[in-house]
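Asks: Next come the chains, spelled out residue by residue.
2 protein chains.
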Amino acid sequence: MEDKYAFAKTIIKEAGLLIKDRMKDSLAIEIKTQHDDLVTNVDQETQDFLIAKIKQAYPSDHMIAEEGGICHAITDGKVWVLDPIDGTVNFIVQKANFAIMMAYYENGVGKFGLIYDVMADQLFSGGGDFAVTLNDQALASYQDKPLDRSLIGCNAGMLSRNDYNLHQLIDQTLGVRVYGGAGICMTKVLRQQLIAYFSYIQPWDYAAAAIMGESLGYVLLTLEGKQPDFQSRQKVMFVPKSKLATIQSLLKTNENTQ
Amino acid sequence: MEDKYAFAKTIIKEAGLLIKDRMKDSLAIEIKTQHDDLVTNVDQETQDFLIAKIKQAYPSDHMIAEEGGICHAITDGKVWVLDPIDGTVNFIVQKANFAIMMAYYENGVGKFGLIYDVMADQLFSGGGDFAVTLNDQALASYQDKPLDRSLIGCNAGMLSRNDYNLHQLIDQTLGVRVYGGAGICMTKVLRQQLIAYFSYIQPWDYAAAAIMGESLGYVLLTLEGKQPDFQSRQKVMFVPKSKLATIQSLLKTNENTQ
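Top line first, the protein sequences correspond to chains L and H.
This note's numbering numbers the first residue of the first sequence as 784 and each following residue consecutively.
This note's numbering numbers the first residue of the second sequence as 784 and each following residue consecutively.
It is worth saying that the hints were derived from the structure and are not from the lab.
Please note: incorrect hints may appear among the correct ones.
For identical chains, the list gives no copy identity; a pair is met inside one copy or between any two copies.
[Unchecked claim] Straight-line Cα separation of at most 25 Å, SDA-like style, residue types lysine to any residue; simulated pairs:
hint: 1; residue 1: Lys-787; residue 2: Lys-815
hint: 2; residue 1: Lys-807; residue 2: Asp-927
hint: 3; residue 1: Lys-1035; residue 2: Ser-943
hint: 4; residue 1: Lys-861; residue 2: Ser-843
hint: 5; residue 1: Lys-803; residue 2: Met-941
hint: 6; residue 1: Lys-1026; residue 2: Ser-809
hint: 7; residue 1: Lys-1018; residue 2: Met-941
hint: 8; residue 1: Lys-894; residue 2: Met-941
hint: 9; residue 1: Lys-1035; residue 2: His-845
hint: 10; residue 1: Lys-1018; residue 2: Arg-944
hint: 11; residue 1: Lys-928; residue 2: Gln-817
hint: 12; residue 1: Lys-787; residue 2: Pro-842
hint: 13; residue 1: Lys-807; residue 2: Ala-903
hint: 14; residue 1: Lys-1024; residue 2: Glu-997
hint: 15; residue 1: Lys-878; residue 2: Ile-1030
hint: 16; residue 1: Lys-803; residue 2: Gln-920
Construct the entire structure; sequences and hints are all you get.
Replies: Below, the structure written as structure tokens:
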């Protein structure tokens, strides 16, 4: 597993260099499902690069990947979960604040995850048997602090609609931040710059953070408190285990209709 | 004026070092007006440092400053506008994403502004007769692009309440970002990572960006389209001049009750 983890760290950095190189050229931008759901030629090329590298090194491994909807059951064998550019809108508009994400599972058990903030050159990696690190410096486990000394990260749409009565939770804190891109947001949870993150996302958006978070005292669950399905887009929360009950008590769910 | 501008750049960097040094110790945090309006001993000490330096070098200059509510009419003589730590909540919780801001006016005319993102070591400065730069590299003037290829920055409360029907504007764009701290947000406008910023802020929150923005094609106005008063907390927008009419047509104001 050490070799596979080292391999993943190598190719995610190579993919970062590829993206930086392609940023010199103009982007070909396409709309996927709606006007703010975009993909570029660089998303596809980066994913092709990662898949080719993995197929070459580990021909029998399976994939779940964003572009082209590459699916596989997370519980079946050796599975890589790939997001070539998480935060594509930030990538297009800001030319920063996007990430490459990779996660590796064996029979449904997360072995390691990686989130690479390309422009900041910050690689978050580890989980499973590996220490969780930021550029090879160990990250601390979640240290408890009160909600009223914390910030919440949230998807803009869920915030605007007050899904699950999130405003009630946010009102107990110092406020909410919206950064765009699940990967960037969840690295801020791992660094304890946000206490929790709420969004409506896909398996490749949450897999890497879920594995790393598990090692640092966090849990990734649906807003209903269930394990995510690794198949569809779901509303999820990434929260400290020790704060889960408190946070759930403030959310309005089917089980908790306060 | 060159000397005064160089002096400002020197003391804002010194103030940054002071803050970084004080971050090694635990903070004394106090609530100002409400639970999420906080001030620390470092805010006060940094302001005291800046004022002492200015008073020593320019004894007859006046001040407007955040802590202690130091007031002066912006139109009366030589006036420094100071915010020792903009984004105090980010400073406390994230230990990043806060800024020191300084602006200098003579008889109501902005001569230069400075926003220093301390932890990123990014100094935005200039305006008036000086080129606007990021760490001494010139920043480009606003280059027009359509709203549907742009991001909006907004204060969380105004977003949640849909003040001025901001959601109608946001829906025309690729989305909204909430970073906390007017200074950090407005530097993202100056870098063209956000097309515009909306917030409910004080003179020391907008003075520096207003001066720099003026040189790059932006304008800082109240949501009603008026000049801000430099005396009170107001709802303002920081937008490209060439996009002002379009943006105003999408906002619901007293003058524009669509």
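Asks: Hints broken by the structure, by number, lowest first?
Replies: When the structure is compared with the hints, numbers 1, 5, 8, 9 turn out to be violated.
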